[in-house]
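There are 2 protein chains.
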Amino acid sequence: MENNTNTTTAATTTSAPSSSTVSRTVLLLLRVLTFVFLLIAFIVIVLTKETLDGESELKFKDIHAYRYMLSTIVIGFAYNCLQMALSIFSVVSGNRVLNGGAGYKFDFYGDKIISYFLLSGSAAGFGASEDLHRFFKANDLPLNSFFGKANASASLLLFGFLTTAIASVFTSFALPKKA
Amino acid sequence: MENNTNTTTAATTTSAPSSSTVSRTVLLLLRVLTFVFLLIAFIVIVLTKETLDGESELKFKDIHAYRYMLSTIVIGFAYNCLQMALSIFSVVSGNRVLNGGAGYKFDFYGDKIISYFLLSGSAAGFGASEDLHRFFKANDLPLNSFFGKANASASLLLFGFLTTAIASVFTSFALPKKA
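Protein chains in written order, with full-length UniProt numbering: chain F, 1 to 179; chain Z, 1 to 179.
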């Protein structure tokens, strides 16, 4: 393992010090975690439904905030898959696809904007759940399982936001060293 | 004006180049804008109420998402006042209160965390408004003015988030140059 790291470092001496290799690996781990959180959040929100009065069905699509949540999950997921592919390539080969300042700026702005997206989706979901749930309960329609699932999805989205926000701190610190 | 800038630059040659003075002034402008947006958002959300059936009154406090919105406005406002005081001091005197890496790290993490707070408050407010408004309308209680005011406050909070997010880009770029 140590030999391997040394070889990689030696091969890219001009552009990548050892600490950069470490932070790339941490970034890749964070992105894998985000991938898992967003995947489960997606599955949970899509499966969120409950039958009312034995016939009509309440689906996640009926709550606009959950639709927005789904769209932020999809956007975050797509960005994350792209970044994971780039990260895997850069960890394996020791080189970056986007060389120079462009790659670091892409990481910096990408993580920043996507972390804002994920947080807004999660907050909108929680905001809608909290008050709608109280309102439905006051109307003798508890729907606990429906809102429980939606909140589980919003929580996973929040975890996905947290890992992306941590990645964003790393990419902010990496930015001007190379620019 | 030019003389003044030169004098300031000369006085702090060791730590602050001219571009740093410019970005400090831009940062101060962004913080003044955030201050104005958050102040109006605070006033609007506090004044959000509507009488139901001529007797009972619906207040912003009855919607939990709006309470959360208010708390993020207050947190953002307090942070912003502190940063404005520090910015004014640094623009006037040409020196920073927190010298070295500490000041830049405080700006970086502060702007990052507070921008996340403001966005989550705004998103929670919009998420709750959108679906509650639809739900109330379906129950023949339009409450257009109530939700209109709440959305106005959430929009102003969103503008406050945007100016803080732009400030956060500036403080991210300023970070490792001095660290």
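There may be inaccurate statements among the hints.
Since the list gives no way to pick out one identical chain from another, each pair is judged satisfied if it fits inside one copy or across any two copies.
In silico SDA-like cross-links for lysine to any residue, where the CA-CA straight-line distance does not exceed 20 Å [claimed, not checked]:
hint, residue 1, residue 2
1, 49, 68
2, 49, 92
3, 61, 138
4, 61, 174
5, 105, 169
6, 149, 113
7, 61, 135
8, 105, 55
9, 49, 169
10, 105, 53
11, 137, 110
12, 59, 95
Hints are computed from structural coordinates only; laboratory data are not their basis.
Note that the structure is a prediction, hence the values are computed from the model and not measured.
Each hint tested on the structure:
1. 49 - 68: So residue 49 and residue 68 pass the 20 Å test inside one copy only (16 Å; across, 27 Å).
2. 49 - 92: Close neither inside one copy (42 Å) nor across copies (59 Å); limit 20 Å.
3. 61 - 138: The answer is between: 17 Å across copies meets 20 Å, while 22 Å in one copy does not.
4. 61 - 174: The answer is neither: 40 Å in one copy and 43 Å across copies each exceed 20 Å.
5. 105 - 169: both (13 Å within a copy, 11 Å between copies)
6. 149 - 113: neither (26 Å within a copy, 28 Å between copies)
7. 61 - 135: both (18 Å within a copy, 14 Å between copies)
8. 105 - 55: This pair counts as neither: shortest intra-copy Cα distance 52 Å, inter-copy 57 Å.
9. 49 - 169: neither (37 Å within a copy, 40 Å between copies)
10. 105 - 53: neither (53 Å within a copy, 56 Å between copies)
11. 137 - 110: Neither. Shortest intra-copy (40 Å) and inter-copy (39 Å) distances fail the 20 Å Cα cut-off.
12. 59 - 95: neither (46 Å within a copy, 57 Å between copies)
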